[in-house]
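Chemist: Residue strings, one per chain:
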Amino acid sequence: MTRYILRRLIAMPFLVLGIVTLAFLLTTVTKGDPLTAIVSDRQMNDPVAVAAAKARWGLDRSLPERYVIYVGNLLTGDMGTSFITRRPVAQDVFFRLPATMELVLAAMVIGSTIGITLGVLAAYFRNTVIDHAARFFALFGSSIPVFWLGLALLYVFSVKWGVLPGPGRLDPRAAPPTSVTGFMTIDSLLAGNIRLFLDALWHLILPAFVLGWAVAGTISRLVRANMLEVLDREFILTARAKGAGEFRVVVRHALRNTLVPTLTVIGYSFAYLLTGAVLTETIFSWPGMGSYAVEAARGLDFPAIIGVTIVGGVVFLLTNLLTDIAYVIANPRVRLG
Amino acid sequence: MQQEPLFSVQDLRVSFTRDGRSFEAVRGISLHVDHGEVLGIVGESGSGKSVGMLSALGLQPKTATVTGSARFKGRELVGMPRSQLRTLRGSRIAMIFQDPLSSLNPVMTVGAQIAETIRLHNAGVSKKAAMDRAAELLSLVAIPQPDRRIHQFPHEFSGGMRQRVMIAMAVANDPDLLIADEPTTALDVTVQAQIMDVLTDLRKRLNLGLILITHDLGVLAGHADRVAVVYSGEIVEQAGVDDLFERPAHPYTRGLIASIPNMAEEKERLFSIDGAPPPLGKLPGGCAFHPRCPQAQEICRHTAPPVRTDGAHTAACHFATLPIGSAA
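The listed protein sequences derive, respectively, from chains A and B.
Okay, so the first sequence: first residue is 36 according to my numbering, each after it adds one.
Okay, so the second sequence: first residue is 169 according to my numbering, each after it adds one.
Each hint should be verified, as a subset may be incorrect.
What the hints assert, rightly or not - Selected chain B positions facing chain A (in silico; Cβ < 10 Å):
no.: 1; residue: V234
no.: 2; residue: S271
no.: 3; residue: I467
Claimed, not checked - If the Cβ cut is set under 7 Å, some of the chain B residues that face chain A in the computed set are:
no.: 4; residue: S259
no.: 5; residue: V275
no.: 6; residue: A298
no.: 7; residue: F321
To be verified - With a cut-off of at most 25 Å between alpha-carbon atoms, the simulated DMTMM-like pairs for lysine to aspartate or glutamate come out as follows:
no.: 8; chain 1: B; residue 1: K296; chain 2: A; residue 2: D166
no.: 9; chain 1: B; residue 1: K295; chain 2: A; residue 2: E281
no.: 10; chain 1: B; residue 1: K372; chain 2: B; residue 2: E304
no.: 11; chain 1: B; residue 1: K295; chain 2: A; residue 2: D166
no.: 12; chain 1: B; residue 1: K230; chain 2: A; residue 2: E264
no.: 13; chain 1: B; residue 1: K230; chain 2: A; residue 2: D206
no.: 14; chain 1: B; residue 1: K296; chain 2: B; residue 2: D342
no.: 15; chain 1: B; residue 1: K230; chain 2: A; residue 2: E100
no.: 16; chain 1: B; residue 1: K241; chain 2: B; residue 2: E466
no.: 17; chain 1: B; residue 1: K230; chain 2: B; residue 2: D267
no.: 18; chain 1: A; residue 1: K195; chain 2: A; residue 2: D206
no.: 19; chain 1: B; residue 1: K450; chain 2: B; residue 2: E466
no.: 20; chain 1: B; residue 1: K230; chain 2: B; residue 2: E192
no.: 21; chain 1: B; residue 1: K241; chain 2: B; residue 2: D300
Treat the hints as calculated values from the structure; they're not laboratory data.
If you're wondering where the values come from, they're calculated on a predicted model, not measured in any experiment.
Every residue, glycine too, gets a C-beta built ideally from N, C-alpha and C.
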């Protein structure tokens, strides 16, 4: 297995290079002219200003030249400068990535816990009220648009009842902790500030739940289907014949055998949400990757677009690798090689 | 009446309800087995032999209704609370199943599965001690290199070896009764003999009561003490194994015996009983076997046969020839 992981890690830079190339080329085929993002409308008529801008951002060079320079810079960790924020893209991305990570991790914890629990219950009590209720919950979560759900929950819990805070990662009056990991919860704990930690956690609940509900829906349906199949297998009868209680039969014997497909969905959802949580991030004013990507795309901010694509691609690759490794732990019959 | 036997079943009935109609899969079977004794139960697939025994231990499918009596060491099992049944299962009463391939949990090591059985019934035993005992049990069923094997997964074992693991797991808590449901059916012929030897050897060593469920009367010939023949959810004949083979009283039993392949005789075709067992819920009137019976008369069509008894030999047939006065 170590050899397999090594091989995958060795292959990774090449895959990343592929992503970089693709992302780079895709920006050149778009119709949009990046100059419009850099130069103001009035200056567009001024050839001197345009030429200066072109030279400043390297747009006067040929495509291969730009590509080589970009890849060269990338090797030193330089992803260029954002047209919009005028800050290094790397800096922007690594400010926003932890914010999304924190949100998505929380969403995955909520979604997996609810999804697996509901899936197991639905399968065990198939065709009962519990099963139908779980189906409704799943269907609701995966079919209601997050922007509606997010707004509705914000209205009810934050505006109407005031039990949960409004958008944002922290109370607007609170000073954020010194950034170490970029995770508000962890950083506030590192700073030894429990109140700040609770505040960060409190702000995390609603957006994480909104994101997690959709995930819970998918996971619960998948777990239910797999559990139904496993519960009919003979080793379940063996476990009962051993004198195992129902909880043990279901969790230790049946559920463990459904983990591989579940892990696939969890891994995939995680990777997807890292750049795909735009709507949730927007509604909850969460300074994450998704909203950054959208702003970049809207502003034809090519360095930022390429940067987001690369980071998203790398996260996807790593998540896939972790999922594959988790397979082996979940199912001894899986051999990596 | 002498002392109560280790395990006895009286008029056990199991029925299923489907689409508002009720079907009886087991129609009142009675049998018993004692310490150190091997009772063979033989019958075709679907005759109710497995579901009957499972139901006696409370392992019937959710949709089944069980009535009658199954007594183990003087305690009634039918209707016993689940929590109490659990303390018996895997400890005093163990079971092994037909397909060793699917009877073991594929994602747990063999050692962990045996250790689980031990720890479920012995609260104080440490994981380490249970694993040591698991290795001992593997050597008891003649699996080489047990200390290495306990850390392996079921898919790393051959079919015969897996059935040995199942047996090791079954006897982990030194049970009084072992119910083996078609233990050799899924195995190669050579391996079948080995597994039967392991079972009979353990029976002697541990003084187990053993119930051997099979569709192959040949398997029982060398291993069972008594045999119960099941047809359509009923016991049609029950006798000591030698008695049964020498003087089968029921036409169905005679058919089963005739269809055992015999190396000594050169026959073109094996004998087979014509027809198929009746489907659940569509039992013919009278004797359930009459549509397939070569000796069926008018009476068989409308009157259920009486049970004729000659000592320990019983048969449910209008024309059973049980000579009165022979030694039982």
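Chemist: What hint numbers does the structure not satisfy?
Modeler: Hints 1, 3, 6, 8, 11, 13, 15, 16, 21 contradicted; others consistent.
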